[in-house]
Amino acid sequence: MKWRIGVGLMLIALLSASITVQAEVDPSQMDFNPVDEVLEESGAEEVMEEQTGSRSIGELLEDLLSGAHTADWKQWVRAFIDLLGGHVKEYVSLMIQVVALAVLSRFFSGLELNFGEGSAGSIGFLCVYGVLVMLLLQSFQLAYEETREVLGRMQTVSLYMMPAMAAVAVAGGYALSSTLQSELMTGGFSLLLTVMKQIIATGILGVTIIEIVNYISPRAVLSHLTSLVRTVLEKGMKAACGLYLFLMGTCSVVAPAADKALYKASSAVLSSVPVVGSAMSGAVESVMAGSMLVKNGIGAAGCMVLLCLCLVPVARLTAIWLIYRLLAAFLAPVVDERVVKLLTVLARSTAMLLGLLVGGVIIFTGAVGIFIMTTGQ
Amino acid sequence: MELFQLIAVGITGAILIVTVKQHKPEIALALALVIGVLLLFMASGFLETILNTLRDMADQAGLSSGQWQLLIKLLVAGYVIEFGSEICKDAGQQALAAKLQMGGRLIMAGLALPVFKSLLTLITELLT
Numbered sequence: 163m164k165w166r167i168g169v170g171l172m173l174i175a176l177l178s179a180s181i182t183v184q185a186e187v188d189p190s191q192m193d194f195n196p197v198d199e200v201l202e203e204s205g206a207e208e209v210m211e212e213q214t215g216s217r218s219i220g221e222l223l224e225d226l227l228s229g230a231h232t233a234d235w236k237q238w239v240r241a242f243i244d245l246l247g248g249h250v251k252e253y254v255s256l257m258i259q260v261v262a263l264a265v266l267s268r269f270f271s272g273l274e275l276n277f278g279e280g281s282a283g284s285i286g287f288l289c290v291y292g293v294l295v296m297l298l299l300q301s302f303q304l305a306y307e308e309t310r311e312v313l314g315r316m317q318t319v320s321l322y323m324m325p326a327m328a329a330v331a332v333a334g335g336y337a338l339s340s341t342l343q344s345e346l347m348t349g350g351f352s353l354l355l356t357v358m359k360q361i362i363a364t365g366i367l368g369v370t371i372i373e374i375v376n377y378i379s380p381r382a383v384l385s386h387l388t389s390l391v392r393t394v395l396e397k398g399m400k401a402a403c404g405l406y407l408f409l410m411g412t413c414s415v416v417a418p419a420a421d422k423a424l425y426k427a428s429s430a431v432l433s434s435v436p437v438v439g440s441a442m443s444g445a446v447e448s449v450m451a452g453s454m455l456v457k458n459g460i461g462a463a464g465c466m467v468l469l470c471l472c473l474v475p476v477a478r479l480t481a482i483w484l485i486y487r488l489l490a491a492f493l494a495p496v497v498d499e500r501v502v503k504l505l506t507v508l509a510r511s512t513a514m515l516l517g518l519l520v521g522g523v524i525i526f527t528g529a530v531g532i533f534i535m536t537t538g539q
Numbered sequence: 171m172e173l174f175q176l177i178a179v180g181i182t183g184a185i186l187i188v189t190v191k192q193h194k195p196e197i198a199l200a201l202a203l204v205i206g207v208l209l210l211f212m213a214s215g216f217l218e219t220i221l222n223t224l225r226d227m228a229d230q231a232g233l234s235s236g237q238w239q240l241l242i243k244l245l246v247a248g249y250v251i252e253f254g255s256e257i258c259k260d261a262g263q264q265a266l267a268a269k270l271q272m273g274g275r276l277i278m279a280g281l282a283l284p285v286f287k288s289l290l291t292l293i294t295e296l297l298t
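Chain order of the listed sequences is A and B. The first sequence begins at 163 in the working numbering and counts up one residue at a time. The second sequence begins at 171 in the working numbering and counts up one residue at a time.
There are no misleading hints in this set.
In the DSSO-like style, the derived pairs of lysine-lysine whose C-alpha atoms are separated by at most 30 Å in a straight line are:
1) B:Lys243 <-> A:Lys503
2) B:Lys287 <-> A:Lys359
3) B:Lys269 <-> B:Lys194
4) B:Lys259 <-> B:Lys191
5) B:Lys287 <-> A:Lys503
6) B:Lys287 <-> B:Lys243
Honestly, the hints are just simulated from the structure, not real lab data. Source: prediction; values computed, not measured.
Please put together the full structure from these sequences, using the hints given.
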């Protein structure tokens with residue numbers, strides 16, 4: 163009997179440090195100012211206020227924890243469609259310029275057809291093609307730079323939100339799971355975004371320029387090379403995302419069981435303390451439940467912040483992609499095939515950039531979801 | 171109506187040239203040149219309408235007028251060079267026609283150089 167009390171007191175002493183930390187989980191004391199700054203400088207603060215009714219992460223977190231905020235997906239879809247329509251209207255002048263130049267290029271390619279490939283028309287066509295490329299590359303450049311900026315902002319947000327979730331999970335008694343997964347979750351996601359920004363996005367730009375040059379000549383001798391590079395970029399991206407989620411899932415297999423065993427053991431020890439045992443055990447349980455709520459709230463807030471950050475850029479990139487596809491479809495019967503291929507190349511590259519942004523949000527949501535599932539729901 | 175006039179002038183001119191060529195080949199060549207210029211003048215009205223419409227579209231959309239004027243110059247130059255080259259070929263001077271084409275392409279390349287330079291600058295800025 164004495165040795166049991168001795169072991170119990172020792173365990174209580176060990177747990178007392180974590181009980182103290184658990185009692186101090188207070189979302190209002192968490193510092194999310196850098197994330198608020200990112201939202202402000204990107205202009206996503208207004209989007210967040212329209213969609214969630216909150217102007218800062220702190221407010222959003224309070225609304226989520228108190229149940230005042232409910233996600234209305236129809237509102238998000240409506241906002242996306244409105245933004246898409248607005249951006250398409252912005253690019254109407256670009257469409258008219260492209261149509262005018264493409265029709266003019268038809269005259270030059272007509273000269274080539276009538277008088278042979280070596281005719282003066284080929285120089286004229288190259289000149290019109292050059293003007294078209296300059297015009298279209300300016301809009302593509304906007305899409306490219308915006309993608310890189312948004313990926314950088316996503317990285318900043320994740321570097322604050324994910325460790326905050328992990329810290330709360332530790333305070334909630336999931337020390338082993340949280341410790342094992344937090345580094346992978348935060349560091350792995352940051353690395354993935356760095357790869358997307360520095361390697362994949364730059365690769366997309368490079369292959370786009372090579373393809374544009376390739377289609378100047380009707381023979382298109384670099385098609386196999388550009389096809390290979392695109393395949394490597396697409397498959398590489400999918401493999402990296404899949405590997406990250408696989409590692410997150412694998413990491414989450416063993417640790418939760420160990421955390422649960424530790425929790426059960428400590429709960430049993432606390433309950434065995436005379437007089438106050440069940441009250442103490444109950445208090446610990448409610449504090450842990452509170453921590454889980456805060457952790458899940460931070461995860462949900464993080465996903466909403468990323469959605470707000472990405473809503474406008476995704477709408478813009480979708481508008482640009484749609485315009486390139488519409489122009490290619492509309493001009494295909496009328497103009498030279500090289501102009502149509504130019505538009506198709508740019509549309510494909512814009513779709514890949516769009517995939518990077520959407521992929522980043524999905525991977526973040528997946529990682530947060532796995533973390534929440536494995537550190538107590 | 172203008173289409174039938176064009177066809178009528180073209181066919182009549184071809185018959186005349188074939189007839190005159192048997193007796194006076196040098197006059198036939200001059201006749202071919204005159205009829206060619208006449209046909210171009212008859213078609214130029216439609217070309218002007220098309221180009222004016224495209225220019226209005228480009229102006230409304232905000233395309234640079236300097237670039238547009240350059241492209242129109244290149245188009246006119248292209249047609250004139252091909253016209254001259256075909257006249258030379260009609261006269262049996264293939265080598266002359268080829269030289270005329272080469273000279274024309276060099277002039278057009280010179281006119282188009284600022285566009286290629288701007289494009290190269292834009293690509294370099296994008297990649298760096």
